[in-house]
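**Student:** Sequence:
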Amino acid sequence: MTRRLEGTVALVTGASSGIGHAAALELAREGASVAVVGRREDRLADLAAQISGAGGQALVVPADITDARIAAEAVARTVEGLGRLDTLVNNAGLMLLGPTPGADLDDWQRMIDINLMGLMYTTHAAVPHLVKAAADGPRQVADIVNISSLNGRNAFAMSAVYSATKFGVGGFSEALRQELARQHVRVSVVEPGSVDTELRSHNPEFVQKLIVAGLGDIERLQGQDIADAIGWIVTRPRHVAVNELLVRPTEQV
Numbered sequence: 086m087t088r089r090l091e092g093t094v095a096l097v098t099g100a101s102s103g104i105g106h107a108a109a110l111e112l113a114r115e116g117a118s119v120a121v122v123g124r125r126e127d128r129l130a131d132l133a134a135q136i137s138g139a140g141g142q143a144l145v146v147p148a149d150i151t152d153a154r155i156a157a158e159a160v161a162r163t164v165e166g167l168g169r170l171d172t173l174v175n176n177a178g179l180m181l182l183g184p185t186p187g188a189d190l191d192d193w194q195r196m197i198d199i200n201l202m203g204l205m206y207t208t209h210a211a212v213p214h215l216v217k218a219a220a221d222g223p224r225q226v227a228d229i230v231n232i233s234s235l236n237g238r239n240a241f242a243m244s245a246v247y248s249a250t251k252f253g254v255g256g257f258s259e260a261l262r263q264e265l266a267r268q269h270v271r272v273s274v275v276e277p278g279s280v281d282t283e284l285r286s287h288n289p290e291f292v293q294k295l296i297v298a299g300l301g302d303i304e305r306l307q308g309q310d311i312a313d314a315i316g317w318i319v320t321r322p323r324h325v326a327v328n329e330l331l332v333r334p335t336e337q338v
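My numbering puts the sequence shown at residues 86 to 338.
Source of the hints: derived by calculation from the structure; they are not laboratory data. Wrong hints could be hidden among the right ones.
Unchecked claim - Ranges of calculated distance between the beta carbons of each label pair, as one might list FRET restraints:
id, residue 1, residue 2, range
1, Q309, R267, 31 to 39 Å
2, Q263, A153, 22 to 30 Å
3, D221, L295, 19 to 27 Å
4, G168, E290, 26 to 34 Å
Predicted, not measured: the structure shown is a model, and the values here were computed from it. Glycine included, each C-beta is placed from N, C-alpha and C at the ideal position.
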């Protein structure tokens, strides 16, 4: 199997579970050295052990990227520890659903801080390194992959602020894409439909029941399905940019 990312370095946020965990493994399989970033250091260590056990290289970077300084430090530690940065996967996120009237404002702030501001803080710190990688790296191209949601394309009741953050990701990504295109830093948005991750479990039981009732007994996506999409995006030839990719379960309407 061709290791198409050999000699490159990727940073994945929210790598302790779900899509981020699967994406880190997928990028490592393609030959990238991977910095795994998140708040749960024990899970990151287990992931890094999986990668190194399979012959790859991983760097554990415990960090809360809702703090701009810490997000910048995570990027700096990646470049210092692994030598460069070619791929950034902004996956860290939180989905707290429920009625807008009477909502807990702290929940709104937490989603804005991680889904939008954390993504932007990490990107801000990473861009100079990505521009450099595209100019002198082995592939002559660099990538930012922002994990949005179906809710970043269509707003739904009970998800007003979650949708607002994901619409924000889309707007930020498209503007940044236009700014960086001529420097061969590609900016992509991946919009998953329903994925079987722990995101849903962060909600109250009544909200979880509503989610289940709305979806029915469909076969949901797995983290690996989105990791496959990420791997496909970042291994395209230099002249090909996949700017937006919506991935739904077949049965989701």
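**Student:** Can you name, in rising order, the numbers of the hints this structure does not satisfy?
**Tutor:** 3, 4
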